[in-house]
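Just so we're aligned: the sequence shown equals residues 1 to 1253 in full-length UniProt numbering.
A hint or two may mislead.
[What the hints assert, rightly or not] Derived pair list, reagent style EDC-like, types lysine to aspartate or glutamate, alpha-carbon separation capped at 16 angstroms:
# : residue 1 : residue 2
1 : K617      : E661
2 : K314      : E464
3 : K657      : D714
4 : K1247     : E1194
5 : K108      : E73
6 : K753      : D737
7 : K876      : E828
8 : K876      : E937
What the hints contain is simulated information worked out from the structure, not anything from laboratory work.
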Amino acid sequence: MYAQPGPSRLKSRRRGRRPPPVTEPHISYSELIDYLSSTDFSELEANVESFFVNLNRVALQLKDRNEAQVGNEEFFNLAFHKFLYLLNNKQSCVRTVVLRIFRLLLVKERVLQQYLHYRLDIVVLRALDMHLNGEAERIQALKMMVRMFEIYRKTNEPDRLHFRKSFLQSAVAVVRAALPKKSGEQKTTDEELKKGNRLWLGAFAFLLETSILEPKLVISSIGTEWLVRILMEPAITQRIVGQVCRILIAWLDCPVLRAEGRLNFVLEKLFSPLIEIGFFYQPAPDEDGKSSMSPRVVDTLEICSFVANPHLAKIRDMAIDICCQFVDLPYAEKKFATWNEALEYYATMHYPDRFKCGITQEFVLAEHTPVFNDHVDLLGSFRAAAVYVLVNAGLSQSLVRLILSVPDEPSGVKATLLLSDLLRTGASVLPRDWRIRLMSLASAATEDEEKAMILVYRLSQLNELILTRPTRTTIISNTELFVQNVNEPEKLPHEKTHSKKKSGHVLDERAVYSVLEEHLPDAVSHGVINWTKVDHVLQAFESDEGWRALKNCKHNDRCHTFFGEIVAFFLPHKGHLLMKGMEHEKFVVECGCRLFRLLAPLCDELHYRELLEHFVKDFADQIRKENLGSGVLALKNIMNTGAMHYFALIGAISSTKRGCEIMDHMMVFQIFLDFMNSTTPSEYVKLIVSCLDYSTPDSLARLILSTALTATSDTSRKWVIRFIGVSPAFKNRIYSDFISRNLIQRLGDSSPKVVRHVVKILHSWLPQNPGAYGMLNLLGPSLKTHGDAGVLLKTHIYSSEEMTFKNMNAAEEFLRFWDTRFNDRYVEVVEDEVRSTLTSVRRTMHGTFGRPSNERDGNWSIPVPIHLFGVLARHKTGLSLLKKARIVEELLTRLREVTWMTYETDGLPIKAALLGLAHIIGNVSKDPRISEIVPPETVPIIARFAEECQLLSVRGTALWAMNIIGAGEFGALQLAKIGWESNRHQDALEEVQQGLYEFVPSPRIHLPCFESGPNRPHGLETVREESESDEPTSVDLEESLLNAATMMRLVNVDQDPEAHFSSAYRSQIGMKKLSTTRKLSYLPTDRQVVATDVYREIVEGTKSLVSRQATAMHSMWSYVSFPCEVYLMTEDVFRKAPLPKKLSTSSMGRNENRNFHFDHNYKICFHCKGSRNARDPLDENVRNDTLQNINLMEILSKSQEKKLFQTYRSNRNVFKNRCLYADVLELLSERKYRLGTRSLLHQLFWKAFQVEL
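Taking the hints into account, I'd like the entire structure generated from these sequences.
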């Protein structure tokens, strides 16, 4: 390996010139006092070298000294008066050392008061703003400023905004000065920013710290523009942007900060024009009764769809891109010139790229697509909410009109993809009435029937691509080639359930012989193999009649030639798979794997047995370690050519009983076992483990897998663990004991990464293999060593009622542990997982998703972790434990006792109570007696937090809780009663609406946090929404329903109710009233219902009754629960707040003669000190003109600077006026001046302020 490059010569030379740190031993406290008393520093100023030596000696003696000694009043007074006069020194280096001394003396509140009395805050502010000062002085001023803030936070005095606001404005100016001058510059690293301004990172850290500790001060002092500037600047690094985003999210969480900071406008600046006021609350109507809201995306699309303007076309394209980004679609950044290009991308956009699937990367693992329909997806819940918001805003109708106007333009093509995804997702997650509205979208296509049919046909194409994606074989994956999911090696090839070709080719005897006569002679001719013909022959042999034909003609010379030539082609020593020019490489390998599976059962005949033995022996010779250096299976060939596919062929042989016997005889298994050590490259481990069949108990293949889990390197073990989790071969229950034992043993692995993956896989493996609970219970106390992961793993044990009953005492103790300690910690675990996932996901340049490391999955789904309360609620023994411990009562009491929520409110106990109750309700059975454990007001209380809570993090957690509740049938019924719907239990809505389920009456719910105080929601009465269109439509949807197949069934819409059935009950218990539902713009006719039933009969194969009820045709989405109207969960997020009051606006304005005037503030003037008679004399007109020019320098710096210079040249005494300088300081604390402007003002007024001794 090459040596690591060393530092450059220039850097080495700079490091060589760096002086070593100066250290001096501390003298005693009494000696330090004597030294300060006896030394006259004014006499030492003549000797510069001696003067600086003594000053630095004092600073070094104060550093790291006992706080009690430094804070002594006598010692402080001595040192303070010794060095105070030096702050007026003209030399920057002197002021630098004195600032350091005063910072080290600042250890008590009394010291800070004395500093403010002598107005050292002005000295610090001036030193930091003046960029002409030495860099060392500015650094010491920044440290002094941070220290003053730290000490002031400990005081109980009234807030001194005049110095803290000035410090914050100065820090913001320093940060802005370091940002690129031109927007769109190349990204700038932290090191590059330090070169131009070394203070920026310290000032930025100071702003972040203050924004966390004192957010109200930051908002009232410097506003939020600095946040927008940093987040919108493309040259800022992602690390800095991430920190600022966390601050903004923390502010958005608090209702008081959202109102005072007017953060809705911050979001509009960041995400305009997507995020708008109308998404979050109903704007107040104006005098004409029209709502005043900013233009929306849907309005932009409506305008741009019918106006032929190139500039509007750009806006239209941008609006489509923003909507795609909002719902997190992979083609958001892609540009499609034609429909065929879009269709090709759409068909493969979920496939991983070749590099990611390579043997050196995520081999086999990258091709795994997990199923999301068996859990609550924490991230998926918010993605579904984003779709709900867009559909509610009318995006789907706007997309239809846009597509009909420009179907073949890039924006129309991408809009078609977006509409298809909205229809598919909406059909799976939206409430019933919204699904019907989506179904009626075709009614908007009445203007142009030809274009409407184009749209319907394209939607049908996209739906077919999605529905048939799992069965399409156009792309042969590594999983199909290598992973042996036969599980029954004793069966013949035509009996194997996993055959991909059999289902599509059912041939009778005549057809088989016809295929063989047509293709067998030409498949192998004169040493040339026609692989297309070979594929047809293999398909014929794999059928039942074909297998009989093969047995009958296996002695035929044609069959001998056919099998012999193909086996000879695949012999490893010939290296045919290493040829780079070979086309259809995976197709050829797949044909070879199928041929070897057919060949193995024919080994009763000597000829076929010799063929198979010849191949296995050749492979064994090439895989021996003495031949790996330069052989066909050398590592370089494995990584760069198709040599790895020889392992796929040997894996196909291992899936048969005769094949295993031959491999055992040729010592192939023993060679593989020798490879399982820590020195073997991970590429060989991946190929060996992935290609073998493990269905035979006590086989050598299982021994190889067990050895790979224990003896290989960390990288290899991590891959093997993940392979067990994703391989379809291990889904069969015959592997339950074998895999469970190996996974549980790996909990003691030396690598934390391996253990982390084992824990993740066990969480999905254990519920499907309950027999592993006993093995997990044997670990006992050793699970505690895994921390939170061990607690969650132990929770699985109590999913079994038998295990819970046998370990009743342990279960009660574990329940107390969850109730008192871990329930709150559970929330932190969930939030950490969400934060880690969101911050690790990046989008690639091609529009697909990537990840920065191999530790992050390619599918960003976060299943809700297991919860003890939920698993106990599944059986009677657990319910008795919950009832005995009064868990539900305690959690409800915690929610009822919540009062006003502010920035300081600890939301962790509230979130823990919400999730705990949700897990109980979502897992209990549908039993009327369950009200003895779960009171009837439980779900309405959780729903009020999801609808009305002003702490947004709590509201988001409550939304998760509603999704968890909707996962169970009992919870879905409770949700339907209050107007919420679960996407997986749609019959519950009809059951509640028709009164088929009896509910225990609930009393009126009183929650202090919603009934009074500043968190009281406004506008609970929502204005009834008018129908968008009451005109009947004449479009015939029979063909569109038969062809488009947007995965929706027509459902029972016999009447359009005036109000939602849950409104009365909600009003009774004190929840928000539901507005009357919108009238549907389209209701299906009887003819269309029959047409849809015919389509269902074609797809499903059986004729079902026409129920006219809209339900989703598939359930591939996770559990999602939404209210029947979106405003219930998005209302009152942002409220109107009064404009922040600025101090300068009250003292600055125009008098009766329309002349500018500025009232002098006697209270904060460092000269007047509260006395009006001591004011410095100055002509009022000159003063007002000067302040007016300075005030305008915030926006007109150049022209106003010229006017100030003219005044300075004509009358310099103006800039020596102390009261005028105090007014300027007040402006500096309230205006957002550039750093250069602040520095200029301090230079002009330098002689106006001196520290008074």
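Next on the checklist: So if I understand the rule, the pair passes when the alpha-carbon distance is 16 angstroms or less; does K753 with D737 pass?
Outcome noted: Distance of about 24 angstroms is beyond 16 angstroms: violated.
Checklist entry - Is the straight-line distance between the alpha-carbon of K876 and that of E937 16 angstroms or less? => result 22 angstroms, violated
Checklist entry - Does K876 pair with E828 here, judged by a C-alpha cut-off of 16 angstroms? => result Since the Cα atoms of K876 and E828 sit roughly 29 angstroms apart, the hinted pair is violated (cutoff 16 angstroms).
Checklist entry - Keeping to a limit of 16 angstroms between CA atoms, is the pair of K1247 and E1194 held or broken? => result Distance ~23 angstroms between K1247 and E1194 Cα, so the pair is violated.
Checklist entry - Are the Cα positions of K617 and E661 separated by 16 angstroms at most? => result 13 angstroms, holds
Checklist entry - K314 and E464: Cα distance at most 16 angstroms? => result 31 angstroms, violated
Next on the checklist: Please verify whether K657 and D714 have alpha carbons no more than 16 angstroms apart.
Outcome noted: 33 angstroms, violated
Next on the checklist: Check whether the Cα positions of K108 and E73 lie no farther apart than 16 angstroms.
Outcome noted: The hint holds at about 10 angstroms.
Violated hints, listed in ascending order, are 2, 3, 4, 6, 7, 8; each of the other numbered hints is respected by the structure.
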